[in-house]
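Going line by line, the protein sequences match chains U and X. Numbering-wise (this note's numbering), the first sequence opens with residue 63 and increments by one. Numbering-wise (this note's numbering), the second sequence opens with residue 1095 and increments by one.
Hints in this document: simulated from the structure, not taken from any laboratory. One or more hints might be untrue.
List time: in silico DSS-like cross-link candidates among lysine-lysine, alpha-carbon distance up to 27 Å [what the hints assert, rightly or not]: (1) Lys440(U) to Lys385(U); (2) Lys269(U) to Lys1316(X); (3) Lys1099(X) to Lys1181(X); (4) Lys313(U) to Lys1106(X); (5) Lys1106(X) to Lys269(U); (6) Lys1304(X) to Lys1275(X).
To spell it out: a stretch of chain U is covered by chain X in this simulated footprint if at least three of its residues, at any positions, have a beta carbon under 8 Å from a beta carbon of chain X; those stretches are [what the hints assert, rightly or not]: (7) 112–124; (8) 151–160.
One-sided and incomplete, this derived list gives chain U residues near chain X with beta-carbon spacing under 7 Å [what the hints assert, rightly or not]: (9) Ala127; (10) Ala128; (11) Ile129; (12) Gly131; (13) Ala132; (14) Met134; (15) Gly135; (16) Gly136; (17) Leu137; (18) Arg284; (19) Arg289; (20) His291; (21) Met292; (22) Cys293; (23) Asn298; (24) Thr393.
Quantities reported herein were computed from a predicted structural model and do not represent experimental measurements. Just so you know, even glycine gets a beta-carbon here, dropped at the ideal spot from N, CA and C.
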Amino acid sequence: MIKENRVRFMQGNEAVVEAGIIAGVRFFAGYPITPASEIAELMSIRMPQVGGSYLQMEDELASMAAIVGASMGGLKSMTATSGPGFSLMQENIGFASMVEIPCVIVNVMRVGPASGMPTHPAQGDVMQARWGTHGDHPVVVLCPANVKEAFDLTIEAVNISELVRVPVILLSDATVGHIRERVELPDPASIALINRKMTTLPPEQYKPFAAGEDCVPEFADRSNGYRYHMCSNMHNEWGFPADSGHEIADKLIRRLDKKVDLFQDRVTFYNTYETEDAEFMIVAYGSVARSAKDAVKLLRKENIRAGLLQLQTIWPFPTAVVKQFCVGAKTVIVPEMNMGQLISEVRLAAGCEAVGVNRADGMAISPQEIIEKVKAVK
Amino acid sequence: MAQVKDYLRPGKLPHIWCPGCGDGTVVGAMIRSIDKLKLDRDLVTVITGIGCSSRVNNIMDFHSFQTTHGRAVAFATGYKVAKPDMKVIVVTGDGDGAGIGGNHLIHAARRNIDLKVILINNQIFGMTGGQFSPLTPNGAIASTAQYENTEYPFDVCKLMEAAGATYVARGTVYHLALTEKLITRSLEHKGFSYVEIITQCPTGYGKRNKMADPYQLLMWQKENSVPVEQAGKYSAEELKDKFIIGELLVRNDRTEFVEANARLIDKSRAKAKGGSGK
Ligand SMILES: Cc1ncc(C[n+]2csc(CCOP(=O)(O)OP(=O)(O)O)c2C)c(N)n1
Ligand code: SF4
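Here chain U stands alone, though its shape is the one from the complex (with noise of 0.2 Å):
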């Protein structure tokens, strides 16, 4: 039985806050932005209460920087914005991405571009996402459908970045991120923590950036004579700039792209519905995945075979999961308040043809669009 104070009346925004204190957050940097000023407002209620800090900075690079520099020093660190913040964020999700430091950024996306519609939803950050940053570089993105999976999602999210030494992107939306739902949170002792790997090495033998099979490098705690170097360059396995060194740099680019290869398996969320004959495949992601399970649900009652696959999990892209549940359908439809960004990926994973129900005019997308669209593929 849910003990009683489990079961909350929770808005998406304010779950990440639980969320990432349960998982052990201790460190926020912020700026406020709509529809993610919740999240500050909470975090600088929550932080202190838990013994962490809440820190409001003069702009998203510094905050970007400032959990960065918080997670060198052992704490497990957030920030949380939309659009415009998430644009001056990109440099330093590339530095955390090159130096390998377990971050959580939430982005709650409203319609872009520039100053766009502050309080509706999209989801055009998909590929921004992605490749916000210059360079090649790891990033993981995940992405709720509703409070509970911003819940659950957020604590993937700091586990993930402590495992694999990725930034992990939590992208939600400005539907997610405002709707109050019930939710039943789990027993906090029923959830699995995951802190970074720490090195047994003595400072003589240890190389912060030397890594094992699993291509995750150990930290090591700055006391004792492990006085290292850490640079935005490409660097060699203690961690000083190889400016020329194109061995190095290739070596080190390839263990940062295969690290999430490694993890792909672990770091892929996905829920499914009526899939099992789905002659028609509704692959959505996000609050968009809610409109598309009712379409499915509508549709199934006028015998149309629709189904739904859910991705939770956006990048690294789950080719292997849609071509799974796309293999015996004829067509997958791809909803998105964008005007299609994943949907190439999913065309590429299904090898079916694909359609897109797109919008980013603020407004979200109805059930009743995507059954129109599911008739005129027909």
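Based on the hints, put chain X with the ligands in the right spot on chain U.
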């Protein structure tokens, strides 16, 4: 007393700097200050941004991070909160600290967070080949000011004072004994410290400005500096293009940020327990 080389990372010499560059002299001054204060080497972290000056921590044997251009102070803010016992020194350049990272400098000073910022002011973008910086003198030549620099430099020490820094000082490479003393004092101070050190970049600045010989640049530092104790003797006009050197501000009337944050944590916990939170 240990020697400077005892604090250098084995195998990290030669460094990357040009002959006559002032950056190495600053490293020497920093190390002598740290040695004088007998700071535990495992409790010192040197954080830098990007630039020639930001390479100082490659060779210094302390914890070290070379971050992104302009953001060292922002990283250091998070790091210091995570590691309150660490002496956190930020070394930055005039481009890194006063240009691209200027906003972070202002707000870290305002918070009075216990960071020791050392801004190595060579009046130019050294690393990228001598483009003008926000601290390049008006009328000087730079690779992006081939006719002349039409912009004006600004007094970052005054800016720091206005922003709320609690320790502000300026030295030069020429006045090395003074500079060393200022670094030492800033390391002892609790709160946001800003020490600007005027240095020379013969390659990016001197060559284009008829001071190719580092000696000429050192003499330029000597001639253009006025010790703060004597500044009162000069008119505003006479001080126009001069650097005031020495300890410019020490104040102890603001709570240091990490300490204030710790108090806030106590207060919130007392409140959560149902206390008054006072
Ligand atoms: C975001 C970004 N913009 C530009 C650069 C290129 N860049 C590297 S160092 C530098 C200027 C450094 O000048 P300064 O801080 O004065 O340091 P110095 O090399 O003179 O010591 C510039 C513009 C960069 N690395 N990152
Ligand atoms: S370019 Fe200038 S600042 Fe850079 S190493 Fe050479 S002399 Fe020093």
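Quick rundown of the hints versus the structure:
Simply put, Lys440(U) and Lys385(U) have alpha-carbon atoms about 21 Å apart, close enough for the 27 Å limit, and the pair holds. Annotation: proposed proximity of Lys269(U) to Lys1316(X) is violated, straight-line Cα distance about 44 Å (limit 27 Å). Proposed proximity of Lys1099(X) and Lys1181(X) is supported: the alpha carbons are some 21 Å apart, at most 27 Å. Annotation: proposed proximity of Lys313(U) to Lys1106(X) holds, straight-line Cα distance about 22 Å (limit 27 Å).
For the suggested pair Lys1106(X) and Lys269(U), the alpha carbons sit about 15 Å apart, so the restraint of at most 27 Å is met. Simply put, Lys1304(X) and Lys1275(X) have alpha-carbon atoms about 31 Å apart, too far for the 27 Å limit, and the pair is violated. Evaluation of the coverage hint for the region 112–124 of chain U: fulfilled, as 9 residues show C-beta separations to chain X shorter than 8 Å, against a requirement of three. For the region 151–160 of chain U, the stated coverage by chain X holds: 3 residues have a C-beta nearer than 8 Å to a C-beta of that chain, and at least 3 were required.
With its C-beta approaching chain X no nearer than about 4 Å, Ala127(U) sits inside the 7 Å limit, and its interface hint holds. With 7 Å as the threshold, the beta carbon of Ala128(U) comes within range of chain X, its nearest partner Cβ sitting at about 3 Å, so the hint holds. The beta carbon of Ile129(U) is positioned within 7 Å of a beta carbon in chain X (closest approach about 6 Å), and the interface hint is therefore held. Satisfaction of the interface hint for Gly131(U) is found here, the shortest Cβ-Cβ separation to chain X being roughly 3 Å, below the 7 Å cut-off.
Checking Ala132(U) against chain X by beta carbon gives a least distance of about 4 Å; that is within 7 Å, so the hint holds. The criterion of a C-beta within 7 Å of any C-beta in chain X is met by Met134(U), whose closest approach is roughly 6 Å, and the hint holds. Nearest Cβ of chain X to the Cβ of Gly135(U): about 3 Å, under the 7 Å cut. The hint holds. The restraint placing Gly136(U) at the interface with chain X holds, with a minimum CB-CB distance near 6 Å, inside the 7 Å limit.
Taking 7 Å as the C-beta cut-off, the interface hint given for Leu137(U) holds, the closest approach to chain X being about 4 Å. Because the beta carbon of Arg284(U) sits about 5 Å from the nearest beta carbon in chain X, less than 7 Å, this interface hint is met. For the restraint placing Arg289(U) at the interface with chain X, the shortest Cβ-Cβ distance is roughly 5 Å, inside the 7 Å limit, so the hint holds. Against a cut-off of 7 Å between C-beta atoms, the interface hint on His291(U) holds, since the closest Cβ of chain X lies about 5 Å away.
Taking 7 Å as the C-beta contact cut-off toward chain X, the hint placing Met292(U) at the interface holds, the least distance being around 5 Å. For Cys293(U), the interface hint holds, since its Cβ comes within 7 Å of a Cβ in chain X; the closest pair sits about 4 Å apart. For Asn298(U), the interface hint is violated, the least distance from its beta-carbon to any beta-carbon of chain X being 12 Å, above 7 Å. The interface hint given for Thr393(U) is violated, since its Cβ lies 45 Å from the closest Cβ of chain X, which is over the 7 Å cut-off.
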